[in-house]
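There are 2 protein chains.
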Amino acid sequence: MGSTGNGFAGDRAATISGGTVVDKDVDFANYFCTYGFLYHQKEMLCDRVRMDSYYNAVFDNKHHFDGKTVLDVGTGSGILAIWAGQAGARKVYAVEATKMSEHARELVKANNLQDVVEVIEGSIEDVTLPEKVDVIISEWMGYFLLRESMFDSVICARDRWLKPTGVMYPSNARMWLAPMRSRLADQKMSDHEGAMGDWFCFLDETKTNYGVDMSVLTKPFSEEQKKYYLQTSLWNNLHPNQVVGTAAIIKEIDCLTVTVNDILNVRASISSSISAEETRLCGFAGWFDVHFRGSKENPAQQEIELTTAPSEDYSTHWGQQVFLLHPPISVSKGDDLNINFSMDRSKQNHRLMEVELSCEIKQTSGKLLLPFRNKFYIE
Amino acid sequence: MGSTGNGFAGDRAATISGGTVVDKDVDFANYFCTYGFLYHQKEMLCDRVRMDSYYNAVFDNKHHFDGKTVLDVGTGSGILAIWAGQAGARKVYAVEATKMSEHARELVKANNLQDVVEVIEGSIEDVTLPEKVDVIISEWMGYFLLRESMFDSVICARDRWLKPTGVMYPSNARMWLAPMRSRLADQKMSDHEGAMGDWFCFLDETKTNYGVDMSVLTKPFSEEQKKYYLQTSLWNNLHPNQVVGTAAIIKEIDCLTVTVNDILNVRASISSSISAEETRLCGFAGWFDVHFRGSKENPAQQEIELTTAPSEDYSTHWGQQVFLLHPPISVSKGDDLNINFSMDRSKQNHRLMEVELSCEIKQTSGKLLLPFRNKFYIE
Chain F
1 MGSTGNGFAG
11 DRAATISGGT
21 VVDKDVDFAN
31 YFCTYGFLYH
41 QKEMLCDRVR
51 MDSYYNAVFD
61 NKHHFDGKTV
71 LDVGTGSGIL
81 AIWAGQAGAR
91 KVYAVEATKM
101 SEHARELVKA
111 NNLQDVVEVI
121 EGSIEDVTLP
131 EKVDVIISEW
141 MGYFLLRESM
151 FDSVICARDR
161 WLKPTGVMYP
171 SNARMWLAPM
181 RSRLADQKMS
191 DHEGAMGDWF
201 CFLDETKTNY
211 GVDMSVLTKP
221 FSEEQKKYYL
231 QTSLWNNLHP
241 NQVVGTAAII
251 KEIDCLTVTV
261 NDILNVRASI
271 SSSISAEETR
281 LCGFAGWFDV
291 HFRGSKENPA
301 QQEIELTTAP
311 SEDYSTHWGQ
321 QVFLLHPPIS
331 VSKGDDLNIN
341 FSMDRSKQNH
351 RLMEVELSCE
361 IKQTSGKLLL
371 PFRNKFYIE
Chain Z
1 MGSTGNGFAG
11 DRAATISGGT
21 VVDKDVDFAN
31 YFCTYGFLYH
41 QKEMLCDRVR
51 MDSYYNAVFD
61 NKHHFDGKTV
71 LDVGTGSGIL
81 AIWAGQAGAR
91 KVYAVEATKM
101 SEHARELVKA
111 NNLQDVVEVI
121 EGSIEDVTLP
131 EKVDVIISEW
141 MGYFLLRESM
151 FDSVICARDR
161 WLKPTGVMYP
171 SNARMWLAPM
181 RSRLADQKMS
191 DHEGAMGDWF
201 CFLDETKTNY
211 GVDMSVLTKP
221 FSEEQKKYYL
231 QTSLWNNLHP
241 NQVVGTAAII
251 KEIDCLTVTV
261 NDILNVRASI
271 SSSISAEETR
281 LCGFAGWFDV
291 HFRGSKENPA
301 QQEIELTTAP
311 SEDYSTHWGQ
321 QVFLLHPPIS
331 VSKGDDLNIN
341 FSMDRSKQNH
351 RLMEVELSCE
361 IKQTSGKLLL
371 PFRNKFYIE
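Chains F and Z supply the protein sequences, listed in that same order.
Each residue of the first sequence is one higher than the last, beginning at 1 in UniProt numbering.
Each residue of the second sequence is one higher than the last, beginning at 1 in UniProt numbering.
Only chain F is shown next, with the shape it has when bound in the complex (with noise of 0.2 Å):
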């Protein structure tokens, strides 16, 4: 919530992101300023999966931490450089752009690791540190790995700040995408047919009391209303009885080469075999994996995972991102879909993403369906 207090509008700084200008208060305002809550980081911490699988990580590859030094991106809470710390780093930086840095501080000095955790406020795109470190390791991914747009600080803080011989934390990452079935389609294509009839209700009653005709409004809401309805992916908690076919790679990153480039867009061409006997295609969900292997000269000594699939016994609070289907489209066990997907950054908001999903069926008779191919939303 960002009005600035001083007076000069001309010294407003800026970042750039994969190209584009980004302003540093709207992104505050935008996007920040929502880790600058307890209650949000402490929504973080009580993820049992991310919490199990970055403490494991940490602790179960010592050999990586002890008399080393450690940068953590986007400290937060400070809790994976406490951890990096206790696992006997020599020195960590802990680096938080929001005032969560000053709770992070205390954090730090509560569990008696002053003299090793120094925790700097600021973007880890400005800061300078007094030298290179064997180890980043950050927590930056968003639904569906990409929103939020993190990893390009990750990035920018291994090119400028990680030897050559040093381990990101998570090493590797991949996207996943799968076929789904949910009631939330008919939910929502209900909701949006609500919205539409209330909507002509509307114009009717402003015509009538008003005098006032608004139907050439009708296709600009209605398309606002597709939008909002239909086209803005999902958060979701799946089960995996939802997923109806088998699940394919979409993208796959090794965090100690990727560059901003490579991330800027997702594209992909992948197949799918519905498995369940004969259900709707809902839509399609995606998730991420990332991995802790260390690195090929210093790998891990325990490789630690860290899923967002659909499961049975685990949630995190990452969900799934689910991308419906207006109808839904009836399948049976053996149909294949072969699906296009891409995914691109919203020129409005670098932060959240634009995908176009086709996909064609041909049915285990052999008959091809029509091809479909629909836009959607990450907000």
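Simulated from the structure, these hints should not be mistaken for laboratory data.
Just so you know, nobody snuck in bad clues.
Calculated pairs, DSSO-like style, for lysine-lysine (alpha carbon to alpha carbon, straight line, at most 27 Å):
hint	chain 1	residue 1	chain 2	residue 2
1	F	Lys207	Z	Lys109
2	Z	Lys347	F	Lys24
3	Z	Lys347	Z	Lys24
4	F	Lys91	F	Lys132
5	Z	Lys219	Z	Lys207
6	F	Lys91	F	Lys163
7	Z	Lys62	Z	Lys132
8	F	Lys99	Z	Lys24
9	Z	Lys227	F	Lys99
10	F	Lys219	Z	Lys109
11	F	Lys99	Z	Lys347
12	Z	Lys24	F	Lys347
13	Z	Lys99	F	Lys219
14	Z	Lys99	F	Lys226
Here chain Z is said to cover these stretches of chain F; the calculated rule only asks that three of the stretch's residues, wherever they fall, bring their Cβ under 8 Å from a Cβ of chain Z:
hint	region
15	39-47
16	78-87
17	105-115
18	197-211
19	215-224
Every residue gets a Cβ at the ideal spot worked out from N, C-alpha and C, and that includes glycine.
We have chain F; now place chain Z onto it with these hints.
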């Protein structure tokens, strides 16, 4: 959601609001953007009390509009400008800061008023009109009247563009405060207790499972939760039965003469007498009314009132703003309340408010209860 596309970080324009420099893009990200959605405009257009009062104010006072020039500040969908045109205005300038102006332009055309109503996209602080106007009409009221601080823009418009003989629509505005009762008080106290109880479990688990002592964050977390659950004013639609004492005016505004300085702060000392037999004082309700009276020299033929007071028959999208006490206080009919109310703009965001409310209760027995003073945030 505003990343800027240009490369000139130094060109960021800013407006000055009551002494504070406001970054325009941040203001857009925080405030203006919601008004760019047709869904939001529709919500306001469906508010029958709002629509009826402005409609009647215009059409029952055609003498103010017929053959005259009009300025609509923040035209949104264009509704007020269209009515002014239909009431016979010679020319209407309809200014709108968001892309909603494009829809307003379409609406004007679809209602055959393109020769009368000129829609101008831009901030009223920046635009240049070809002439001064006879009437400024605007629906600028936020929750509890002044939230959003849009009236600053109307005052600016008036000082730049209203003829000395001109009239303001509305002409007057008042803020009201009254003691009230509501189950929300218990509910919020309960939610707060739940959040704090949950916190202590979290502290325990984090120490046990992850070896980190987070107790140093209890105080800031508690303050954050207290602010969120107990100190943030709530939107509510109160039934008149819930108003338990006499209401009093805490601010009066003459829209023709008021300055921005006059509305930066609200300071009032009021009295209220409990009217309910025996009840709990759960807090205070704030609302507003506006009147369409024209000016002394050029009065309305039909004075119209738009009130957002608690009502059995009517409700508006503004509801009332509720400031809750924790815990509620037992009061009886005839008890007298002396209330000091002060409201100032938030330093972080000039469109949001901070309130201090202190209250002394003199019971009918003559006994004086300890005064209390509470801080609230209108977010």
